[in-house]
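Protein chains: 2
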Amino acid sequence: MIKYPGGKEYKAPKTKVTLSHKSSLANRGMNLEDDINQSNDYYNEIGRCLIYKRPTPINIVKVDYSKGAHIVDAYFEKQSTTDYNGIYRGKYVDFEAKNTKSKTSLPLANIHKHQIKHLANVIKQGGLAFFIVEFQYYNQCFLIDAQFIINRYESKEKKSISYEEALKHGIEIKSGFRPRLLYLDAVDQMFFN
Amino acid sequence: MIKYPGGKEYKAPKTKVTLSHKSSLANRGMNLEDDINQSNDYYNEIGRCLIYKRPTPINIVKVDYSKGAHIVDAYFEKQSTTDYNGIYRGKYVDFEAKNTKSKTSLPLANIHKHQIKHLANVIKQGGLAFFIVEFQYYNQCFLIDAQFIINRYESKEKKSISYEEALKHGIEIKSGFRPRLLYLDAVDQMFFN
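Chains W and R, in that order, give the protein sequences.
Position 116 of the first sequence, counting from 1, maps to 116 under the working numbering, and the rest follow consecutively.
Position 80 of the second sequence, counting from 1, maps to 80 under the working numbering, and the rest follow consecutively.
Simulated from the structure, these hints should not be mistaken for laboratory data.
Heads up, a few of these hints could be off.
Any copy, or any two copies together, can satisfy a pair, since identical chains are not distinguished.
Derived DSSO-like pairs: lysine-lysine, alpha-carbon spacing no greater than 30 Å straight-line [said to hold, decoys possible]: (1) 67 / 101; (2) 168 / 62; (3) 101 / 62; (4) 53 / 117; (5) 174 / 62; (6) 103 / 67; (7) 67 / 158; (8) 62 / 124; (9) 67 / 174; (10) 158 / 168; (11) 53 / 98; (12) 67 / 98.
Start from the sequences, fold in the hints, and give me the full structure.
This is the structure we're talking about:
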């Protein structure tokens with residue numbers, strides 16, 4: 001949920017708010033994006049990294065200049081890269097967050113081809129690329145190496161990552177108060193150990 | 001100039017199109033942002049780097065869902081970071097583009113405090129931070145180390161970078177056809193020599 005001046009609230013259409021099966025962690029936010037943004041705010045503030053969400057790209061059709069630059073006609077555009085990037089431990093970091101309500105798997109259908117291509121390019125350039133995947137049913141988040149998902153995406157077999165695979169190949173991200181998601185600890189474990 | 005589906009064109013209000021004093025280079029674009037975007041498209045395509053413009057942040061006040069997600073009320077927000085970031089030669093890269101019509105200097109008044117803070121943080125994290133500064137009168141672009149501008153910004157003296165300082169402390173960016181601005185050559189010279 002993004003708060004705007006004047007107390008208005010705008011809910012980005014891409015993120016569906018759903019109460020998870022087990023919402024036992026009182027301090028967890030309403031959705032994955034909130035949790036990551038709050039975690040980045042905290043991590044950036046203490047100087048552990050510098051990671052930001054890319055703004056949602058908007059296609060602007062009409063601007064009314066009569067009262068300042070006021071956008072009166074525009075629509076959402078699909079992000080051609082990923083949601084987050086920045087620097088951590090001197091390395092370029094790039095990742096995408098995805099959640100699933102399914103008990104069994106994350107379908108890869110909602111990962112765009114250009115995002116896969118982008119993350120493959122990040123790896124080629126020597127950056128760290130991963131996904132943060134939330135299985136809402138289990139109230140669990142995993143860090144999954146982008147290469148694992150790229151391989152699956154490009155294979156002719158099944159087009160999903162099962163919960164068992166997330167458990168086996170991913171690293172579970174611990175929750176806390178500040179940050180809500182201790183995802184950099186999982187990054188340490190995956191890329192720096 | 002951003003092209004939208006249906007042939008509509010939208011000119012971002014922050015970039016003022018002005019014909020430069022010497023517009024001798026036939027293939028130069030209409031403005032600095034265009035030139036950098038086209039250069040990044042080219043560099044990304046040949047795999048020399050992976051650098052993108054961050055989308056302009058928009059504050060959305062009202063969305064009409066009756067005909068898809070259609071934004072009917074929104075306004076521009078100031079970028080809290082910089083315009084461009086990505087990865088080059090394995091390093092995190094972050095920069096801002098500024099142009100000036102002045103013959104004598106780039107006033108620092110149009111660089112925001114949070115951008116200075118952001119670039120200082122990039123340097124702390126071990127990233128490469130710089131400005132691409134265009135002196136329109138001379139039709140010249142310079143790569144200037146962010147640290148140089150941060151120092152000036154924080155000093156109590158004059159609040160500008162003179163053309164002579166750009167010549168002395170900056171690296172002139174050569175123009176071409178593809179890419180229009182060979183700015184990575186200047187990055188090589190400044191950070192990798």
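Hints breached by this structure: Violated hints (numbers, rising): 2, 5, 6, 7, 8, 9; every other hint is consistent with the structure.
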